[in-house]
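*Asks:* Each chain, written out:
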Amino acid sequence: MEKFKVVFKPAGKSVEVKKGAGLLSAAVSCGVYINSSCGGEGVCGRCKVIIKKGKFRTEPTGRISYKERKKGYVLACLTTVEDNLEVFVPRESRLDLSKIKKGEARLHRLKGIYSETVEVDRGKPIISEEVFKHSPIATKVYLELPPPTLEDTVSDYERLTRDIKKKYDVPIMQTGLRNIRKLGSVLRHSDWKVTVTLGKRNETTELVIIEPGDSSGENYGIAFDIGTTTVTGQLINLNTKEILGTKATYNKQIAFGDDVITRIVFAREESGLERLHHAVIDNMNSIIQELTEEHNIPLDQVTGIMCAGNTTMIHLLLRVDPTHIRREPYVSTANFVPVVRSAEAGIKVHPRALLACIPGVSTYVGGDIVAGSVACGINNEKRLTLLIDVGTNGEIVLGNKEWMACCSASAGPAFEGSGVSCGMRAVKGAIEKVEINGRLEPKIKTIDGGKPMGICGSGYIDLISEMFKRGIVNRDGKINQDLKNKRIRKSERELEYVVVFKNKARSNYDIVIKESDIENIKRSKGAIFSAASILAKKFDLTFDDIERIYIAGGFGTYINIENAVTIGLLPDVDRKKFKFVGNSSLIGAREILLSYDTMKKAEEIARKMTYIELSKDPAYMDEYMSSLFFPHTNLEKFPSVKKAR
Amino acid sequence: METSKQNWTGKISVATIGATDKEGGTRSSQVTVGGETTLPYLFKEGDIPNAPVIAMEVLDIEPTDWPDALKKPFGDSLKDPVKWAVKCVEEYKAPLISVKLIGTHPDFGNKSAADSGKLIKDILQAVKVPLIILGSGDDEKDNVVLAKASEVSKGERCLIGDATEKNYKTLTASCLADGHNIIGESPIDINIAKQVNILISEMGFPLDRIVINPTIGALGYGMEYAYSIMERARNAALIGDKMLAMPFICLVGQEAWRAKEAKAPSSEHPEWGDEYSRGVLWEIETAVSVLVAGADILVMRHPKAIEEAKKYIDNLMRR
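Protein chains in written order, with the numbering used here: chain A, 1 to 645; chain B, 1 to 319.
I should point out that these hints are in silico values taken from the structure, not numbers from a laboratory. Small disclaimer: the values here were computed from a predicted structure and weren't measured. C-beta: ideal position from N, C-alpha, C; glycine also. Please note: incorrect hints may appear among the correct ones.
Some chain B residues close to chain A (C-beta under 7 Å, calculated; not the full set) [stated by the list, open to error]: (1) Asn-191; (2) Gln-195; (3) Ile-198; (4) Leu-199; (5) Arg-318.
With the rest of the complex left out, here is chain A:
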């Protein structure tokens, strides 16, 4: 088939496309992003461009005035390429999402946050692949249709759906007027050989995109975990299920508040909602950009996005006002968000690509925990299972295929490396393993084996546990000043232990742990342990009754269970029961992206799960206070730690 070169000005980027290809997706495929809030429906009129040179085909639209038409203006979404083209994208049509002001970016750094996008561990598959049938949210299908004859006069659209229905089980189909309008010409231009993208929108199958020729080999999707502290994205080949890369970055919304409540309050301020929305979209777009560039994938080949996040994060992502979440009677706008177009949210992939969010249980239990439950297969599990997500919101799920209950503990971001003086995420340069010898000298291991830069969650767990075992900290987490050692010192009125002196570090300062860091970690671990204890107690269960415990969190590839028990983060039970799963929310999002049938299971989980509100339970505060000790005020709850002392 004939191919043409399209050059976009002023960016100067160009791309080769097949005859009859859409101009908007041609622009996207070479990284020129044009406004398109309707997702290429020809409705919003925001994708105006000027064709300077070359032949094209465009549909009439009321969005272009007579004057504009004279000057060569067209709507990119209604225009197809018929020649080598030179296209000018006027300023008002350029999509620029990097609207976070410089001052805000500085505030960001002041908080000690490394905000660049970095490669993270991709997360292991947890359950066998057979459970999930391969049925991605968007599938590309190549069709060679029989051309119409006098004997076969079925219309173009029916001809297309007839062929699709012959091959695939799609009872209900729909498509936009936009596709119908261009159908006649695309089919004839491409000699009746086209690729259609079939998208799943709840029960309905949508004919999302129709392209000339065969591009069915290239179909990609991105799974996202939108955390309060960290945003993680994973690029996936939707045809082969292959994971191509995983990247994470700190959520830029941190500049407007560490927790969801402050952000909801901020959303009420003038253009607050917009700024929060842009912050997270910016995070997502930079992850998408880096992932696709690294793997040489044009953006318009990304056809599906799947997001898991707590209810507030999803509201902000979609720019839906979250105010009512924190006002009695605490009702969100939507827990089950219908599938929408990613372009409507401002995400830079194919303008008609689909964006789905995993349903949440309630205002305070979001799709991230549902995704985690899917990932761990709690809904298929006969055995009594506990899932502990060691994240900012510290979600905990207890149950099996018969029943499920969950709660959420405000653990804070310490285990994600935020809010602690030398904390960082589990990425290159992060200390993830620590041992301390009798001379109080630490032996450390970084994730990449290189020089250390900071300490990640699993590093803190090891570090505090080792300091505790060596008597550097007492059970309250205070550093023993009487130990004469060069690593124990006082700075800024606070005691600290030097883990790595700066001459051995990648940072230009000593890597230390301060008493206030230990206090932060103590509160985080206390919140998580006490929430798990109260949840089990609610159902008259003890930790010994639980047969399997999944640990989730952004720890990279490693968490030392023994040390996590020593500091009292995890219950002191048979170590064989523990299984570390990594970012379970991301894994769940990936599974649902690749197997949309699983979305039904997610919905079922979301409906079935009982939410336990800890703040209403008088026993919670007491248990929490009791957990603010290493490993716990009641040492009897940690027999193995007691024995070791």
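Starting from the known structure of chain A, arrange chain B on it as the hints suggest.
*Replies:* Using the frame of chain A, we list chain B on its own:
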């Protein structure tokens, strides 16, 4: 009808305050508290071998915020802590004196550790009952002042406090070296009470020399909150939690006389009644409440309130 009986397995530890010459001290008497094997005064379920004791409070400076009603029984002795202590013992028959070194606080005179060390020595000379020594609550200062007090009273087996979660090491080390008992203080919080005791005991301090100050509120100022914390701690102790199985000390006088209702003059609030009996009643009421919650040592102020509280104790102890 038969009442059901609870069989308790735990026992409150027994603390002895004061050392006689036989034990290397110079006290003529001792005070023994604790040893309960039942909830307060439920003699059917266990024993209460030692009756609660009332210590009289002496300050190292002349009190500035005491109302006339409270000053009157002590007269001029308030100007001299040693005379004050002697008056408490000789005239009001106090079995135990509690010296609060409030004057060492940077905001209340900032007296030196040497001065308060001398005062403790003088009081030990002048009276022969055992002593409780309390710091001013300023962590840095207490670490110097109480260390000195501990040193000069070495061998007298005093009860010294308060050790807190944030400041327990120096005092624990001093009390350990000089053979005293220690008070572990927590802010009306059962978990912190336990945590402080654990921290103290992990320094090698014997459990039977620790006394819990649960901190209390006077009548109308959180009394019921303090009551329930004491009740819960006792319950836990009696079912076997050794880290909470210590006698309680309650600073009744200090809390009761802090209440506006106790010290406001009648001229300000004529509808509240006679100021000379109002504060006393407030102190009695507070004392009675902590007694039924399980208090072992009460530090009190007004002689009349003490007299009434003693009668109440005698009634409670009647088996």
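*Asks:* Are Ile-198 (chain B) and chain A close enough, Cβ to Cβ, to be under 7 Å, as the hint says?
*Replies:* Because about 6 Å separates Ile-198 (chain B) from the closest Cβ in chain A, which is inside the 7 Å limit, the hint holds.
*Asks:* Holds or violated: Leu-199 (chain B) as interface residue toward chain A, Cβ cutoff 7 Å?
*Replies:* holds (6 Å)
*Asks:* Does Arg-318 (chain B) pass the interface hint, meaning its C-beta sits closer than 7 Å to a C-beta of chain A?
*Replies:* Status violated, d = 36 Å.
*Asks:* Report holds or violated for the interface hint on Gln-195 (chain B), using the least CB-CB distance to chain A and a cut-off of 7 Å.
*Replies:* Cβ of Gln-195 (chain B) sits 5 Å from chain A, so the hint holds.
*Asks:* Once the shortest beta carbon distance from Asn-191 (chain B) to chain A is found, is it less than 7 Å?
*Replies:* Nearest chain A Cβ about 4 Å off; hint holds.
The structure fails hint 5 only (numbered hints given earlier).
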